[in-house]
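**Student:** Chains A, B and C supply the protein sequences, listed in that same order.
Number 233 in this note's numbering belongs to position 233 of the first sequence; there are no gaps in the numbering.
Number 1066 in this note's numbering belongs to position 66 of the second sequence; there are no gaps in the numbering.
Number 2036 in this note's numbering belongs to position 36 of the third sequence; there are no gaps in the numbering.
Fair warning: there could be bad hints in the mix.
Below 25 Å or equal to it, Euclidean Cα-Cα: the simulated BS3-like pairs (lysine-lysine) are [what the hints assert, rightly or not]:
hint : chain 1 : residue 1 : chain 2 : residue 2
1    : C       : K2193     : A       : K200
2    : B       : K1086     : A       : K269
3    : B       : K1086     : A       : K266
4    : A       : K192      : C       : K2193
5    : B       : K1086     : A       : K4
6    : A       : K200      : C       : K2242
7    : A       : K272      : A       : K342
8    : A       : K342      : B       : K1086
9    : A       : K203      : C       : K2014
10   : B       : K1095     : A       : K266
11   : A       : K200      : C       : K2007
12   : A       : K200      : C       : K2043
13   : B       : K1105     : B       : K1138
14   : C       : K2159     : C       : K2193
15   : A       : K266      : B       : K1152
Calculated from the structure, these hints are not laboratory results.
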Amino acid sequence: MAKKVLMCGNEALAEAAIIAGCRFYAGYPITPQNEIPAYMSKRMPEAGGVFIQSESELAAINMVFGSSLTGARAMTSSSSPGISLKQEGISYLAACELPAVIVNIMRGGPGLGNIAPSQSDYFQAVKGGGHGDYRQIVIAPASVQEMADLTMLSFDLADKYRMPVMILGDGILGQMMEPVEFKAETKPGIKKDWILDGCKGRKPRIIKSLILNESELEKFNLKLQKRYKEIKDKEQRCEVLYGDDSDIMLVAYGTPSRICRSVVEKLRKKGKKVGMIRPITLWPFPEDAFKKLAKKIKSFLVVEMSCGQMIEDVKLAIDCARPAHFYGRTGGEIPGEDDIIKEIENING
Amino acid sequence: MKEEIVFAGFGGQGIMFMGKAIAYAAMNEGKQVTWIPSYGAEVRGGTAYSMVIISDEAIASPLIKDPTICVAMNGPSLRKYEARIKADGLLVVNKSIIDIEPARKDIEILNIPITELASEAGDHRIGNMVALGALLAKRKIINVESLIGGLKDIVSSTYHSLLPVNEKAIRKGFEYGSR
Amino acid sequence: MDKIFEKPESIREKETHYCPGCGHGIVHRVICEVVDDLGIREKLIGIAPVGCAVIAYDYWNFDVTEAAHGRVPAVATGIKRSLPDRIVFGYQGDGDLGAIGTAEIIHAANRGENITIIFVNNTVYGMTGGQMAPTTLLKQKTATTPAGREQKMHGFPLKVCELLSVLPGVVYAERVTAHSPQNILKAKKAIKKAFENQIKGLGFSIVEVLSPCPTYLGLSPQDAVKWVGEELTKEYPLKIFKDIT
């Protein structure tokens, strides 16, 4: 077993990317994710990879685009305002079927907002912040260990489905230190027979997103949709605590899920029937698990560091068959255990 | 065992590092740990804190509202956290620069001249190590030797010449806290 | 009988969509001739821009990608850094390079990326209907400067080669035209050098090609060619702005 090291989430994520074979990183400084480019600037040269501090977020995502089309595992990271700038490139990555990992360590918004942790970019991440009918896989770690493990998974998923994967963290996950154990390097078994590396010994290839003919563009979109359907069928991930004997289920991802876990532990000790479902993939949303829970659970309480975004997907997933309540804090404020307990008491009456 | 510790003080007092040092040592003793910093603009000049949880069990929330231990390195930190410390908790007060008397009667309070002890150890800037030593004298969360032994791993090799002074500071604090 | 003229291998057997008298087809062909001459077709990756040349990939017989508007130099950077032994060139128009992508071109140039940029300056946006370009001349009428470009409202024509040549990362910057056979030969020489610089690992090279757009200049192909040679070159002098190779 590998040795445990004490690391912050951002650095663990960066190291895991290197272990996963990421050999290209471009990014632009923004708090609270600066540990990622700093770490990459040191580690990438050691790993024989490329680190570029780009002139902008736009440039960074387009450098990733260029690197990805050569077959390299490529990544960029930023925080909310910077991720807004990357949306153009993400749409092009999706359109050109290029794998890439994009990290968003969310901070308070809108606008410049602040540098405190937040989850207010959920809609942007899961509904597609750029233009066009595309999706990206969205992964939500909740610990430093998951910042590492799920980063490695993200590269595999990106290659497997040839599409961008976003890791959606928050300022606390990025800055927090916890012990982490890195998994051994896995050899990605996916053959990339579509890359551009010069047409020696083969026909020239084209990677593009312009499809002027209407029926062809529709056909292409339907091809993407088919892939998205496959991902929805195969890649839903979540963690369920006390799914079998709870009256109320807390729903949270990322840092709030850690707080909710404390709440569940506390209330269970008092004999209260409280559980939690923690989506790990935000897209595809773990609808199947929610549908199953909706048959047994009386109500849901969605806890977010936003004004209520994921709750819309919860309601869709359970088809409003049960009441879905909401407790959220925003602007960098963090939901407190006591506040959540009070909400539960209010709901239970 | 589960301790929720808040280290608080001015930026520049080594608040982040003292949290990291104890968390690292606890991890090496096989304990579960989390460390959260305050970050951004407040790290320099303003009041900074780091929050460390050390536990035998897996840690759910890494956030601390009411700590079991608080190390107040300056006056504003004392004002901010004194009332929030859990009953029977521990408050370590940097007597060298705090002239407020804590009012709580239901917690243990250790007043300690941190700067003076650090100077005696050889460097007035390493009061954070003195405080850690004192804390570990009052609460046997981890062995003080684990703390001392771990420093070399988390300090850049450029500063390894300063390790003996840091060790001395930790022992000074430990002695003071053991009185 | 000796063959004295043939289709370069690097060009596809396909009729272009360009308007009669447009310079893009000429520049495409010149690039392909150079690629053949240098024997780099099989290690080449080209990047098509957004604009009239967006479907250049249909005409080029080598690996090609297409970048978002203005992002050619960033994409080129990503490709070249990942595959340093391949030859990477970006093809950019005046809006792509001189307006929406100024940050990308300046910083790729300033980093001294070992890439080749072919910049086609025809002073208008063709694809979108003849709007003002950053390089549109003062008094020149376009769809968005109906009374002619006025400096107070729209600023001055942007001098790309002049601007980039002051950057230490740039090893070669030359402006040529594609308006006459003689000048096309000069353009070919410049483009060849820009690729050779990359092969030798010297750094960032740019060749600006002044090119006619009869459709949006409102001129016949013949008059457009004449205008490029006689008028455009007054504002945009033909010269080597920098050569430290």
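**Student:** Given the hint that K342/A pairs with K1086/B, does the C-alpha gap stay at or below 25 Å?
**Tutor:** Holds, at about 20 Å.
**Student:** Just to be careful, I want the Cα atoms of K2193/C and K200/A compared with a cutoff of 25 Å; is the pair within it?
**Tutor:** holds (23 Å)
**Student:** Need the status of pair K203/A, K2014/C: alpha-carbon distance at most 25 Å?
**Tutor:** holds (16 Å)
**Student:** K1095/B and K266/A: Cα distance at most 25 Å?
**Tutor:** Violated: K1095/B and K266/A sit about 37 Å apart, past 25 Å.
**Student:** Would the hint linking K192/A and K2193/C be met if the CA-CA limit is 25 Å?
**Tutor:** Violated. K192/A to K2193/C sits at ~34 Å, over the 25 Å cutoff.
**Student:** Holds or violated: K2159/C and K2193/C, Cα atoms, limit 25 Å.
**Tutor:** holds (21 Å)
**Student:** Against the 25 Å threshold, does the CA-CA distance of K1086/B and K4/A hold or violate the hint?
**Tutor:** violated (31 Å)
**Student:** Assess, step by step, whether the Cα of K200/A is no farther than 25 Å from the Cα of K2007/C, and give holds or violated.
**Tutor:** holds (20 Å)
**Student:** Taking only the CA atoms, is the gap from K272/A to K342/A under or equal to 25 Å?
**Tutor:** holds (13 Å)
**Student:** Do the alpha carbons of K200/A and K2043/C lie within 25 Å of each other, as the hint requires?
**Tutor:** Given pair K200/A, K2043/C holds - Cα atoms ~7 Å apart, limit 25 Å.
**Student:** Is the straight-line distance between the alpha-carbon of K1086/B and that of K266/A 25 Å or less?
**Tutor:** Satisfied, since the Cα-Cα distance of roughly 16 Å is no more than 25 Å.
**Student:** Is it true that the CA of K266/A sits at most 25 Å from the CA of K1152/B?
**Tutor:** violated (38 Å)
Of the hints listed earlier, those the structure fails to meet are numbers 4, 5, 6, 10 and 15, in rising order.
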